[in-house]
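**Q** Next come the chains, spelled out residue by residue.
2 protein chains.
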Amino acid sequence: MLDICLLGTGGMMPMPGRFLTAMLARLNGRLLMIDCGEGTQVTMKMLGWGFKSIDAICITHFHADHISGLPGLLLTIGNAGREEPLTLVGPQGLEYVVEGLCRICPELPYPLKFVEINHDAPNPIHVGEFSISYCLAEHMVRCYAYRIDVRRKGKFDVKKAEALGLPKPLWGQIQKEGTVEYGGNVYTSQMVLGDARPGIGVAYCTDSRPVDRLRSFIGGVQLFICEGMYGEDEKKQKARENKHMLFSEAAQLAKGGGVEELWLTHFSPSLNEPELFLEVAQAIFPNTSLGEERKTTTILFPKEG
Amino acid sequence: MLDICLLGTGGMMPMPGRFLTAMLARLNGRLLMIDCGEGTQVTMKMLGWGFKSIDAICITHFHADHISGLPGLLLTIGNAGREEPLTLVGPQGLEYVVEGLCRICPELPYPLKFVEINHDAPNPIHVGEFSISYCLAEHMVRCYAYRIDVRRKGKFDVKKAEALGLPKPLWGQIQKEGTVEYGGNVYTSQMVLGDARPGIGVAYCTDSRPVDRLRSFIGGVQLFICEGMYGEDEKKQKARENKHMLFSEAAQLAKGGGVEELWLTHFSPSLNEPELFLEVAQAIFPNTSLGEERKTTTILFPKEG
Chain R
1 MLDICLLGTG GMMPMPGRFL TAMLARLNGR LLMIDCGEGT QVTMKMLGWG
51 FKSIDAICIT HFHADHISGL PGLLLTIGNA GREEPLTLVG PQGLEYVVEG
101 LCRICPELPY PLKFVEINHD APNPIHVGEF SISYCLAEHM VRCYAYRIDV
151 RRKGKFDVKK AEALGLPKPL WGQIQKEGTV EYGGNVYTSQ MVLGDARPGI
201 GVAYCTDSRP VDRLRSFIGG VQLFICEGMY GEDEKKQKAR ENKHMLFSEA
251 AQLAKGGGVE ELWLTHFSPS LNEPELFLEV AQAIFPNTSL GEERKTTTIL
301 FPKEG
Chain A
1 MLDICLLGTG GMMPMPGRFL TAMLARLNGR LLMIDCGEGT QVTMKMLGWG
51 FKSIDAICIT HFHADHISGL PGLLLTIGNA GREEPLTLVG PQGLEYVVEG
101 LCRICPELPY PLKFVEINHD APNPIHVGEF SISYCLAEHM VRCYAYRIDV
151 RRKGKFDVKK AEALGLPKPL WGQIQKEGTV EYGGNVYTSQ MVLGDARPGI
201 GVAYCTDSRP VDRLRSFIGG VQLFICEGMY GEDEKKQKAR ENKHMLFSEA
251 AQLAKGGGVE ELWLTHFSPS LNEPELFLEV AQAIFPNTSL GEERKTTTIL
301 FPKEG
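Top to bottom, those sequences are chains R and A. The opening position of the first sequence corresponds to residue 1 in our numbering, with each subsequent residue numbered one higher. The opening position of the second sequence corresponds to residue 1 in our numbering, with each subsequent residue numbered one higher.
Extracted from the complex, chain R is given alone in its bound form (with noise of 0.2 Å):
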């Protein structure tokens, strides 16, 4: 199963009472975060899954309100006590801006990776469990929808493991492991277990138009968090000037792409009371929520068959 927490709902700015827009998500007590805002360490703190086992930060683009609060959190993650390696994922150009937000951060006491991603080969990047797939998103700059899968080995086939004579105490260790040596072989876990079985995805997109790519991109996830700018369809000229979404095309989007759920986020600092607007999403795609501050679910795996 994997935890989503959306950190915050707000769009430009921080304001008091709405943090920015940022995603963590929780596997085995992993954690890979999307976005980080001006203050987004304080929402964290308040939520309470710590700071230490953040193994990926994945940006969508440099603005200000995606990225500002990194330095701030890589520094509360240093004093946390961690020492392993951390992946920053991002648009091309990645390295140069964190260089310039570090110089008040220059020691920290664990090793950044860099992985400045590149949409004309968009192979997915494994960090931990996490498979982290990415699609350019259509904003003012150079931009990018996540998506977070988490794939399921199949079930392990006790005929198969029968079949090739391995003694019943190592059954444990080969799917454990992935490989055992017995009796001079060495047996691979694909070796004894069933077909895979359905995952878990979630996707996130903001800023962005509502653009054709990004409904496959998000194809059947079980939760798609997704910017919803300004809430009323009259500022549709205004959302298509600056790049970004009114809330009824993220439900069509989200309709469009068949996910489970969608919650809106990143609302304008004008948006006072997105509240107002939800039954336009819900009339295109009734399982529309709001985002708030810390909204958190739980997804299990599908059952199968």
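What the hints contain is simulated information worked out from the structure, not anything from laboratory work. Just so you know, nobody snuck in bad clues.
Some residues of chain A that are not near chain R, with every Cβ distance over 10 Å (derived):
| no. | residue |
| --- | --- |
| 1 | 186 |
| 2 | 242 |
| 3 | 276 |
| 4 | 287 |
| 5 | 300 |
Taking lysine-lysine and the DSSO-like style, the derived pairs with C-alpha atoms no more than 30 Å apart in a straight line are:
| no. | chain 1 | residue 1 | chain 2 | residue 2 |
| --- | --- | --- | --- | --- |
| 6 | R | 295 | R | 243 |
| 7 | A | 243 | R | 45 |
| 8 | R | 243 | A | 52 |
| 9 | R | 45 | A | 295 |
| 10 | R | 295 | A | 45 |
| 11 | R | 238 | A | 52 |
| 12 | A | 52 | R | 235 |
| 13 | R | 45 | A | 238 |
| 14 | A | 168 | A | 153 |
| 15 | R | 52 | A | 236 |
| 16 | R | 155 | R | 303 |
| 17 | A | 235 | R | 45 |
| 18 | A | 255 | A | 235 |
| 19 | R | 45 | A | 45 |
| 20 | A | 45 | R | 243 |
| 21 | A | 45 | R | 235 |
| 22 | A | 45 | R | 236 |
| 23 | A | 176 | A | 113 |
| 24 | R | 236 | A | 52 |
| 25 | R | 45 | A | 236 |
| 26 | R | 255 | R | 236 |
| 27 | A | 45 | R | 238 |
| 28 | A | 243 | R | 52 |
| 29 | R | 52 | A | 235 |
| 30 | A | 238 | A | 295 |
| 31 | R | 52 | A | 238 |
| 32 | R | 295 | R | 45 |
We put the CB at the ideal spot given by N, CA and C, even for glycine.
Following the hints, complete the assembly by docking chain A onto the known chain R.
**A** Chain A only, in chain R's frame:
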């Protein structure tokens, strides 16, 4: 009169319910800020003094908790419509550090002016009606204490004006504009004013050990805002190692400097209840109080004579 607001009271990292230490001064509608950590713009928003009128931001040193909020604040100032230059004051290296931080806000709609201070020739810096002095503190990195003075001109001296033969309708103009021309001669305000009157002084010191030179620097200010990282005297060794002050050391400094009032701030994240140690400071310097989020005061010009 000068309004002072302590925007936050935390040190090291922003916490739920505790913003990082920063100060805002307001004089005739113009603002001057000292330090700008992560989240400072949020507490400023709660205060409600606006963003557009910030003419100067002074940075004590480049540890993240004193400067990490700068790029976000600079953007918010731009969104508030500022087009006039903004002066940044700080230790040597300021322009390098800010250039790095501003990689996430490369297109501000107003120019930045950099003043890198040099304590070998500490001339006051004048920004509008604010006079900014500084003194080298003693911290892990180069760090400065600041003092903001508001000078007060002498009273208009009717006898001097009459002796010069300056007609009454010009009396207002010469005070307002500094000079008038009359009968082919130029008259300056100094010719019609009495001796300068006592002004207002506020000093701000964090992070530092309580070194001697600070005592004369803060001499006689109406308000001294000073760090008190640790409450317990038992933490003296820790304070020495980390180059911070105990409550009692800040109180000794305030007493030695003959200031009128002391506010303690920059509490360690481990100092959950600073009120437990207030008496320790008050026993040394009675007019000590604890900083609070957005604690505000108005300082009047001293009564004369």
